[in-house]
Each structure stands twice: as C-alpha cells, then as structure tokens.
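There are 2 protein chains.
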Amino acid sequence: MRLIIAECSVTYTGRGDTILPRAARAILLKRDGAVSIHSDFGNKPLNYMGKGNVHSVSTDDEGATVWTFDTRKESIRIVLHDVMTDSDHLLAELEPGLARDGTEPQLQQWLSDNPQTFGVGWTTVRREFLTGAGPVDLLVLDDKGDPQAVEIKRIATAASIYQINRYVAALNEEVEEGDPAIAGIVAAVEFRPKTVELAAKFGVRLVTIPRALFMNVAPPVAPAAGSTSSSL
Amino acid sequence: MRLIIAECSVTYTGRGDTILPRAARAILLKRDGAVSIHSDFGNKPLNYMGKGNVHSVSTDDEGATVWTFDTRKESIRIVLHDVMTDSDHLLAELEPGLARDGTEPQLQQWLSDNPQTFGVGWTTVRREFLTGAGPVDLLVLDDKGDPQAVEIKRIATAASIYQINRYVAALNEEVEEGDPAIAGIVAAVEFRPKTVELAAKFGVRLVTIPRALFMNVAPPVAPAAGSTSSSL
DNA sequence: CTGTTCATCTCGTAA
DNA sequence: TTACGAGGTGAACAG
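One line per chain: the protein sequences are A and B, in this order.
All the letters of the first sequence, read from the start, carry residue numbers 4 to 235 under the numbering used here.
All the letters of the second sequence, read from the start, carry residue numbers 4 to 235 under the numbering used here.
Bear in mind the hints are in silico, worked out from the structure with no lab data behind them.
It cannot be assumed that every hint is accurate.
Pairs count within a copy or across copies, as identical chains cannot be separated in the list.
[Unchecked claim] Subject to a maximum C-alpha distance of 25 Å in a straight line, what follows is the list of computed BS3-like cross-link-like pairs (lysine-lysine):
no.	residue 1	residue 2
1	Lys76	Lys47
2	Lys47	Lys33
3	Lys197	Lys54
4	Lys197	Lys76
5	Lys54	Lys76
6	Lys204	Lys33
7	Lys197	Lys147
8	Lys33	Lys76
9	Lys147	Lys54
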C-alpha cells in the first residue's frame, strides 16, 4: 500500500459531483487499484474509487502533479499541491479476511441442535421448512408433540413479528380440522424497541439467546490489569 | 493522523462479533479518536471504530502490545505482533469538507426557476406543494394553464413512479368536477432500469435533465495531453 | 434524545 | 450483468 500525505484538492464526478478544497490529507493507494482520500476525522474517506480504474499522471498549469483515476462512469482528479511524504509498504498479499462470529446461520444451526432451549422435551423437525409464505427457519415439536414455527434473527425487529405471522398463517391454512393451531416463536440475541409489545399483541413468543451460547470463539476477556488508558 | 503498519490480529465485539487473523495491515488513528484497520484491498476498513472511545494499551502473555478501543457498546482489541512503521502526520486541523454539486435540491431550485424546461409557456406555481399524500416537489402550469405535478430526483427509480402516482391521486381527489385531471411528471438526471416502462404503464411523463444545466461548477476537463497512464 | 431517510452507500447473492 | 437485501451500515435531519 502506498501512503501519501499531501496538500491536495480533489474533484469527483460520476455517481455524484463533489469538490474538495485544498488541505493536507492522507491518500491511500491500494494493491488492487482502490484509492481513498482521508481527512483526520471519521472513518469514511472523503473521496474514493474502487479497483478497476485507469490511473493517469499529468501536470497542471501551475506545475502541480495531477492524478486522475477513471472508470467508464466515474472520475477522480487529485491535484497534489505539496507532497509531504510518499511511502510504500508491503502488506499481506492475501488478506485472510474478516471472519464473522455469532452470525444468524450459526444461531440457526445451534438452535436446530439444541431445541430443548425452547422447553424440556422439545425436538427439531426441520430447518428451512417450506410454507406457503416461504421457508420458515425452524420447525420444532413441543413437549406435547405439537408443531411450532421459529423465526431466527440476530436482531429481531417488528418486521420479524410480521414475518413469523405470515408463516404461521400459511401453516395453519393446511392444518387438519381439530388439530391444534401452530404457534409462532421468534428467537434472537437482541430485540429492538416495539418488538416485544407487538409480539404480545399477536401472541408470538420471544426467546432470547445469549450470544455466548452459540459463538465459536469466546468473547474477549476484560482489559488486563496495569494497562494504561486514555479517553477522548 | 498516526499511521501504523504492523502485523496484527484483531477481534471486535459489539454490534456483531468478528475475528481478523494475523497479517500485515495499515492502522489509521485519527485526530478525533477514530480508528480503522485497512488491508491492501478495497476502500472499506476491515475493522473500525468512530470517535468517542477509550484507548487502552497493555501487553499480552507473549509480550505483544495490545491496543483496545472501548465504548459503552463496542470493543476492538488489536494485538500488534510486529510494528513495521509508526508515524505521525499533521493534517488539516479544520477539514474544509466535501462540497457536493449537482444535488437534488439544486435541481429542484433550477427547475423551479426554469419551468420552460417542461414546455414552452409552462410556469411554476409552487415548490413543496402539499397534497394529501405529502408534499410534491413542484407544481407547474402547462401551456393551457392546467396544473401538473413534478417529482424531482437525481436518480429516478421505480419507487419514484409510485411516489408521483400517490401525489397525483391525492391531488385529483380534490379536483372539481369537469376540470382536467392533474398529470404527473418525474424529472431526473438519470433513470434506472424498469423505470421507463413503469412510467409508460402509468402515463407518467419522464423528463431528463443534463446535470451540466444546473451544476454550480462545470464538470472537469478531459485529461491533459501528454499525460502518462497505467491501467490495472 | 430517538427515529427516519439518504448515500458517489458497499457488499454479497440469486436470477 | 442486473436486481434485491443486509450492513458492526454511517451521516444528516426531523421530531
């Protein structure tokens, strides 16, 4: 990765049009051709362009170096008024990449393997059980052997309640006369506001699953003793 | 801005949980406390945290320096196995910030000032004209003096068509018997696929406005002759 | 302070 | 290639 610290001004045109007045900033040029211009505030770059661009170098009428990055649809023009540092660094050629933990698929798998979470004697029938309204995440049998439908989310919202309602309605349309109606459950690590009261209104049961139960890697330990800290 | 190039591994827990295996990466520490970890690919940081965190420094059991960044809800732990470079750079203390051009408000203003864009003799009645379905961007009179409703977007999508339809329907509910029905127009710089046929289906007129017409700053010139270029 | 909408959204995945 | 939905979405703005 090439890192440039420079007084620069930038114009971008493409999906939008922006102008960045002259100031000292950091410019990141990455191995895949991606370029981003960072100020000293915030995580998002002020301007950026992904890989797959053509990089041209020229000089403007005041003698400043000008970099342009072009794709078919976009263009960034960086005028380098004053380059303070320009360095190249060898990073990982094959970035291992970010591994997510505590994901919804993991939670699905864990609940499928641990149906007793919903109650003693409960068993799993099937994951991704197809209903007339689409596949419901999990179909389980309660301690009386009656089926219940489970919608699984990492974070449940009001939309999750409507979703399980659609599945339950579709399932109950096919229930035989006299058989007990299928009930709905939403299982999640976290429930957003308004979800709880909406669930109560529709008779949907909510089950909270602590993420520690189904994560592959244990959550990090507390900071070590004797550490120095600074707040901002 | 402090720039660190280092072999590092990272764990994050908060809104999600992620693990980043050991590899050489760039770490950006910004003036406002924001921190981001970049690989040599893509514009998005692998891990990041905004301002307003507490930064602690400690040492793990293998003697490696460990940085943690904590807020009430999130935590990043960076293990610095091998620091290759660590530099500090003075950037703009007051970032001028990104100025946008060719925005939707600009387009609204320009169309309000140039209703003849829709046809000879057309005039503007009002911007943000309130209907029973919310405010429509622009209400104009055509050359016959009949009102038409205009929805303005930088990029129009199918949703824009449904939106103008709601406004037009609300307006026509209040039209006197015998008066002509109000028609709908969508004006935009760009129309996404499916938008055109949907507009035809509902009888909505589409008007394309070249961005050069209403931009404050002219689009950048073509690359200078004699420039060197490299494609990726 | 929360909630809603916009973004040069980015990024994945399925059709 | 395009359309659709999720994101550790972030950021601006209204209530």
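Status of the hints after comparison with the structure:
no.: 1; hint: Lys76 <-> Lys47; in the structure: both (22 Å within a copy, 20 Å between copies)
no.: 2; hint: Lys47 <-> Lys33; in the structure: both (16 Å within a copy, 11 Å between copies)
no.: 3; hint: Lys197 <-> Lys54; in the structure: neither (41 Å within a copy, 28 Å between copies)
no.: 4; hint: Lys197 <-> Lys76; in the structure: between (42 Å within a copy, 20 Å between copies)
no.: 5; hint: Lys54 <-> Lys76; in the structure: within (13 Å within a copy, 33 Å between copies)
no.: 6; hint: Lys204 <-> Lys33; in the structure: neither (52 Å within a copy, 46 Å between copies)
no.: 7; hint: Lys197 <-> Lys147; in the structure: neither (31 Å within a copy, 51 Å between copies)
no.: 8; hint: Lys33 <-> Lys76; in the structure: within (20 Å within a copy, 31 Å between copies)
no.: 9; hint: Lys147 <-> Lys54; in the structure: neither (57 Å within a copy, 52 Å between copies)
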